[in-house]
Structures are given as structure tokens and as C-alpha cells.
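K.L.:
Listed below, chain by chain, are the residues.
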Amino acid sequence: MPAIIQVQNVSKSYSRDSFEIPVLNNISLDVQDGEFLSLMGPSGSGKTTLLNLIAGIDKPTKGNILVNGEDITLLGESALAKWRASNIGFVFQFYNLIPVLTAYENIELPLMLTHLSKAEKKKHVEAALDVVGLTDRMFHYPKQLSGGQEQRVAIARAIVTDPLILVADEPTGDLDKNSAQEILILLDRLNKEFKKTILMVTHDPHAAEKASNIRQLEKGDLI
Amino acid sequence: MKIFKLIFKNAFRHKLRTFLTILGIAIAVIAFGVLRTVVTAWYVGVEATSANRLITRQAVSFIFPLPYTYRDKIKEVPGVTTVTFATWFQGVYIDKNQFFARFACDAETMFDVYPEFLLSKNELATFKREQNSCIVGRDIAKQYKLKVGDVMPIEGDIYPGKWEFVIRGIYQPRDKTTDATQMLFHWNYINERMKKETPERAGEVGWYVVQIKDPAQAGIISKQIDDLFKNSNAETKTESERAFAQSFLASTSAIITAMNILSFVIIGIILLVLGNTMIMSARERTREYAVMKTIGFTGSHLIGLIMGESLFISIIGGAVGLALTFPLVKGLEQVIPKGVFPIFQIEPITVVLAALSALLIGFLSSLSPIQRALKMQIVEGFRFVG
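Quick mapping for you: the protein sequence lines, in order, are chains A and B.
For the record, in the first sequence the residue sitting at position 97 is 97 according to the numbering used here, with numbers rising by one throughout.
For the record, in the second sequence the residue sitting at position 358 is 581 according to the numbering used here, with numbers rising by one throughout.
Chain A extracted, bound-state conformation:
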């Protein structure tokens, strides 16, 4: 069975003034369906860039990325946005919740792009809240939640559309030890119980241990 994510000879460089700065050098990587892959490496190694490329929020300078058989490097901006909406759930280091929306409304945000009825949306949001264990905080605003709770809302937002892949960029990077542990348990549960393919970027070895597979990046090379 082919890998759900196929990164084929991908390079990425950024232009700064007249300089070309290479970030990823001819990377190839396969991620199997249901795999929990942790990308590790020091700052500037290119792990977030690789994650962004796989999530379709950035484009490689060279190479192809196939997700579920579809080459996302060939998609235009609008098609890519639609693809992300139905295939990717994104968890950020700093949660990135909309401060004027309640937990419920933040989770509901991706569903605004669907044609689900109000009742169906409610069902999805409540299910996501149940998974992250925040049903009792659904009407709270982000500022009324702890960091760990905010991240759990962000995870609920990422899974509410039942995406193919969950990508998490340093999901425990801004949390205390206990909250970080809770988030890792939750991700582990999403992987094992809900069979979600998860790609997690971290530089915390303890967090990486939760993954079924760990890959290291060093100065743009996968080692």
C-alpha cells in the first residue's frame, strides 16, 4: 500500500534580498496511513518548513509532495485552500485561537466552509469537544482558558472536519509539563483510537517519544 504522504526530492529555499537561503535539501520521506511521525531537529533545521510544505501552506522550490495520491504542488491557491479545508488539521504552538470567539465558535470555524446544517455542525463541534474533554468550557473565551485548555480547543478545531492528516507544530512548546503531557496523551489517543495520521514537529525528546516514528532533520537534510 503506498504511503499516504510521499515527499519526493523536495528542496526549499527562501530569497532574502539578493541571497538565496537553502532550507531543505532534496528531501524524500514517506509517511504511512495511521503513522504518528515526529520530526525533530535543532532550530533552523527546516522541520517547520517541511511540515508547512506537507500541510500545503507553502510550496517547495523543487520536488513533489503527494498526499493520498494527489500532487499538492500542482494545485493553485484556491484549490489548495479547499484541499487543506478537507484534508489537513493544523495545531500551532501558540494555539492561534480567535480571541473574540468562544471555544465552541473557534471549533466551529472550519465548519463555516462546509455545507453542513446547523444541527450537523453542532453535532460535530460537540463530538470534538467531547474528544478533547472540554464540553463544560464550550462557552468560554480563550482568555478564560488555561494554555493547555486553549491547545485542546485548537486540537478540537483541527479535528472537527475529520481531516486525513493532523499536523502539529511544537504543540507542547508553550505549555507547562503537566499540560504538555495532557496534549501528548490526547494526540496519542487521536492516533491510536481515531487512526489519525499525525505529523508533529518538536525539539522536545520527551514529546517525540509519543510518536511511532521519529525522523531527525539537520541543516535541511533528513538523517
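Derived from the structure by calculation, the hints contain no laboratory data.
Mixed in with the good hints there might be a few duds.
Taking lysine-lysine pairs in the BS3-like style, the calculated list, with each CA pair at most 25 angstroms apart, reads [said to hold, decoys possible]:
| id | chain 1 | residue 1 | chain 2 | residue 2 |
| --- | --- | --- | --- | --- |
| 1 | A | Lys143 | B | Lys225 |
| 2 | B | Lys598 | A | Lys62 |
| 3 | B | Lys228 | A | Lys123 |
Given chain A, put chain B in place with the hints provided.
P.N.:
Frame of chain A, contents of chain B only:
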């Protein structure tokens, strides 16, 4: 959750800033509405003119009189149906601050030529019969609490001396644009006294109002009238009543133009205020737009969100401004002497212009933040530190 809810929540994210912006728009709309009302009030005399009335005045200047004897000659011009005349009397009623138009007119024909001044048959008959009588407009009667039978003492200046007029009628305006602030009395009353006191000024009228059958013949009739008095001591200039009214405004055209420009400058200023608010808001939300793009929101979604918020603020500001403009203009109408602006009210076109301006401001203010949000790459958005 609907997109409108998100727009609403975004709009009131910074309550004070949004409140001040709405207040700014409201004040601008009020200023725009009041200035436009002043401009339209200025032009109301032009709007009230009739196409079948010509004005014959002294060719050199309006301030020079014409001989009374011209009346019969003008009457003979083909196409002329009625000729009446009037003289600017001015004078002081109560004190110099009480300004309204006071004319000596031909009592027999004046109300035939000006059918928009509605007067009962009895009032008109009494007025025609009594030489020291006068007719006042409804608004003047209301302002000075005057009624039929009251005596209005006027201290003359152009026609010196003390004058007393007995009110024999109060005319009602037929149309919205009809001036209801005039005082009209017998030219004969003035002329008889002039004959005794200053005979050299007797037999003079200020201008003739010539009623014609066919407005399409106005040009030909005007020329025929002026040709009658060519090379005389008092040559005439005849023009349509509209042109005559516009020539009065010509002297103040610079002020009106300035007011017109100012009303649109205000709109420009508030455009900058709302534009600034929207740019600040969009800048603060750079990361949020990056998140939304990541989730799958497209350019058109962001356009809807940003433009929706901008329009929402401008519509509220515009609505508040318009709602306050009406009582303010009403209040100003009470304060401004009736004689200055006989008709002082908000025209429908002013409401339409103010509403359209508010919408235009909302639309234009959103363009820059929209462009920024669309251009922003997601990864750049996440790197942004506001």
C-alpha cells in the same frame, strides 16, 4: 455561526476604537448633511422659479429703478399675459436683526402672477381694497405671532419715515419650495407718499414680473421687451425668473462652492479615519488571517470579512449621523432667522448622498487591508509580530 456574527464580533473587538470611529463617521455625516442643507437652502429660490415668468430689470444694475410707465408697453408685447411689479422696501421691523423680505407690489396683479402664494378670496379682496394693508407669509406670522388685523410698524430706510401696515391676509405656501417669509404691501401706498415727500422718486418700480403664455417663447419675448427700451434712460434686461435668481446667487457662488467642496472634504477626512481603523485592525489580525487561510478560508472569504466589517461600521456611523441630522437641522431652522433661509430642510438627495457616501467610505476603507490580507503568504503571517 454565520459570517455576519464574526463580522459583528470583529467590529466590536476594540469597543472604544469602534465607538470613536462610528462617532467620527456620524459627525462627518451630520456636517455633510447640514452643509448640503445650507447649499440647497441657498438654491431654493432658484428651485421655486416658474418657467412662464420673466423678470425685467434695469440693464445696468438691479438696484436702479425702472419707470412705472414701462408696464403698459410691456403688456403690449405679444405672448405676455400679465405684468406685475415690485420694489424692494427693506425697512426695520422691531430691530435690525429681524430680517425678512418686504416688498411693495402691485396689489391688483401680484397674486395672479404668483399663484403659489395661496390666499383666500376674502383676504385678497380686502387687501386690494385697503391701500395701507399688507399680506404676510405663514412662517412670518408664526414667528412673530401675527394675525389678521394686527398692525406692523416698519421704520423705513430706503423709503424713510414711519410706516404702518395692517395685516389683511396670511398667505400659505402652495409648494415645499415656496417662500412663506415675505411681506407684501401696496406700491401705491408708498408711491403716494413719495409724490408728496420726494417727488423725484415717485413713479419708480424695482422690477417687472412678466407672465408669458409659452415658456418656449421666453427668449424672443425677452428680446422684444428689451428692444422697446433700447437707447432710453433706463434700458432693461429681461431674463427668465430662474436666470434672475441664479444671478443673485452668482455673488455668493464662491461661498457655495467652498461649502460644496468642504462637504466632500469632510467625507475624505472620515475616509482616512475609517481607513486607518481598518488598516490597524487588519494589521493586528495578520496571524488570524494566516490561521484562517490555513484552515481553508479563501481570498473571497477574507474580502467578505474585512469589507463586511468596514461597511458595518460605516453603515452604523452613517445611520447614526443621519438620524441626528434631522433634529439638528430642525433645531437650526428654529434658530436661523426665517428671512435668511426661507426653506431650511433636508432634501431627499442629501439623505441619498450621505448614505451613499457612508457606503463608499466603508467600501474604500476596506480596500487597503483587503489587498494586504490577500497578498500575505501564510508562513509570513505566522512570522508577523504586531
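K.L.:
Mind checking the alpha carbons of Lys228(B) and Lys123(A) for me, to see if they're no more than 25 angstroms apart?
P.N.:
holds, 20 angstroms
K.L.:
Are the Cα atoms of Lys598(B) and Lys62(A) separated by 25 angstroms or less?
P.N.:
holds, 22 angstroms
K.L.:
Tell me if the straight-line CA distance from Lys143(A) to Lys225(B) falls inside 25 angstroms.
P.N.:
holds, 22 angstroms
Hint check: no violations occur; every hint is consistent with the structure.
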